[in-house]
Amino acid sequence: MSKYSQDFLCEVYRRMYLIREFELRSIEERRRGLIPGFIHSCVGQEATAVGACLALNQEDVITSTHRGHGHLLAKGGEPKFMMAELAARSSGYCRGRGGSLHIADFDLGILGANGIVGGGIPAAVGAALAFSMRKEKRVALSFFGDGATNQGSFHEAANLAGLWKLPVVFFCENNLYGEGTPQSKQAPICDLANRSASYCFPGVIVDGNDPIAVYEVTREAVERARRGEGPTFIEGKTYRFRGHYEGDPQVYRLPGEMEEWLKKDPILTFRKRLLDEGETEEAIREIEQQVQQKLDEAVAFATSSPVPQLEDALSGVYADTHDGKVF
Amino acid sequence: MREISYSEAIREAMCEEMRRDPTVFLMGEDVGVFGGVWGVSHDMLAEFGEERVRDTPISEIAIIGAGLGAAMMGMRPIAEIMFGDFLMCAGDQIVNQVAKARFMSGGKAQVPLTIRVTTGAPGSAAAQHSQSPESWFMNIPGLKIVVPATPADAKGLLKTAIRGEDPVIFLEHKMLYGEVGPVPEDENFVVPFGQANIIREGKDVTIVGVSIMVKKALQAADVLAKEGIEAEVIDVRTLVPLDRETLIRSVAKTNHVIIAHEAHKRAGPGAEIAAMLAEDAVEYLDGPIVRVAAKNVPLPYSPVLENYVLPNVNDIVEAAKSFWPGKA
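If you read the sequences in order, they're chains V and R. With numbering that gives the first Met the number 0 as the guide, the letters of the first sequence map in order to residues 0 to 326. With numbering that gives the first Met the number 0 as the guide, the letters of the second sequence map in order to residues 0 to 327.
By construction, these hints were calculated from the structure, which means they are not laboratory data. Ideal Cβ placement from N, Cα and C applies to all residues, glycine included. Any given hint could be a false lead.
Cβ-Cβ distance ranges computed for the label pairs, FRET-style [what the hints assert, rightly or not]:
1. 274(R) - 248(V): 42 to 48 Å
2. 259(V) - 295(R): 53 to 59 Å
3. 244(V) - 106(R): 40 to 46 Å
4. 259(V) - 140(R): 45 to 51 Å
5. 311(V) - 274(R): 22 to 28 Å
Chain V on its own, in the form it takes in the complex (with noise of 0.2 Å):
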């Protein structure tokens, strides 16, 4: 860890700390009542967006899942917008239309989180064939979850990206749950990288909760892919220490297995690494109340700012409009 500036891990821990105090936030918000939809949060699983995020440019572009706030922060989206947005107000990212399921930032490269288990995956590849058509050096990473291994979607995507040698990473993280039943219940595999096999580029297995090494393999996999060697699959694995949405009861959790992953906590450990690596307690906890103040301020913005007028619903679902009417 010593090769990284002390800078650039403060770094590293501001976005994963903000990551997660965004989503306890936005928790407690929604029982308040600010929030009126769903949330899936990435509580415990802030390691794998911060460490693959960085390894990113911003005009390399990302695609996300229901589970998309870590991802969104990690690239650099605001909180306040974000809030917003899950406020349902019409200053947030997508004028309240979209919720936390649909921010998109196209200016951060953020092509949008997205409610369909693996939804996201084929625009990525789509994004790195536009990129690799026009001889541009971007890259295209997606974000999606053990589930979404499952689906057609990554298939058929990571077929094509395969075949065309597209510069994609497929980052998976396997927080061991497809929604409420185990990942091993879903698939006759437990290593999804082994996946990638079958499309003939590297799979690479990574602790998801070190973002140093998540990190690490993902610039590595963003080298390859600028260089035009195609895609690499990353599977972080880590786990979830909330509900599929908040909410979710939760019975299938095995016996002992919270207790274990705790122990791993991505922001706890890193505080302490942090700590080791001679950063001082006072250091740290300024990055804290930072964060902290600038989550008071996301929820300050987005209970002042106003819910969308009505014939918003009417404008915005095509780019003209036919006779001024919706049709």
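Based on the hints, put chain R in the right spot on chain V.
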């Protein structure tokens, strides 16, 4: 004006757009070396190369999904799906991703994607290669549904689709590919969406045709003319957007309407058109709104059965005559 086929008109539209705009490209099953199973993209590979005329695996999810991603990144893909029936293989991509990307992202996503697909029964192709899927997608806001019936419209509407900023499902009827007609050579000739075409004027009955049924409606109009019934034939050209005004104006004149399409009758395009007329034009109608469409069964293989299930010229003639039971 020179005359070319519907198939050549589509090819010409693609070639012209690919020459004027480097972001336009074609991808699909067998579109390159094979030239398309219907021959529509023949020799395009030679002119544009395999980067821009891309043979894909038999992989509809990937074709549409890659089209979506490329479109969002500034390309203008033409994604060809060989048979309309196969659109359902890519159902999620079309319905949940492509159609909704603009709206649910608050306008951040632009999806200038043209999905070219064949529709209709080519004869003994049976239940999985003969369907007319237009109305499956009419219920999905975010898609435009285009149904050219003539070579000129095939060219002009396809150019509008490619140049537009929204996803379009462009349905080419297999039995119209060989149809020949006048097509402008002007490369800026386009046909706007949402403008139905009154192909034949008449005062007694309006026949609204979709795709190949426009041709059959014209044949029916010839028969009806001999019996003293003057039919007005309207080609809808696009189902979404639908040109309500032209249809209502015609019905206000003729007071009778038949809607003819090859899709199944139940919840086919005619159901929407009929409902619209019932809501907005009922005061003009002197009789029921009549739909001439395929029966509500899967398309059979046997030519005898298939002909029985599909709507034909005589069905339109009989429907028109039913408005005047005393006549002939």
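*Should the hint that residue 274(R) and residue 248(V) are 42 to 48 Å apart at their CB atoms be regarded as holding?*
44 Å, holds
*Can you let me know if the beta-carbon spacing of residue 259(V) and residue 295(R) is within 53 to 59 Å?*
58 Å Cβ-Cβ, so the 53 to 59 Å window holds.
*Just tell me: holds or violated, for the beta carbon distance of residue 311(V) and residue 274(R) against 22 to 28 Å?*
27 Å, holds
*Using the Cβ atoms, figure out if residue 244(V) sits within 40 to 46 Å of residue 106(R).*
Violated: the Cβ-Cβ distance is about 27 Å, outside 40 to 46 Å.
*Quick one: are residue 259(V) and residue 140(R) within 45 to 51 Å, going by C-beta?*
At 47 Å between Cβs, range holds.
Checked against the numbered hints given earlier, this structure breaks only hint 3.
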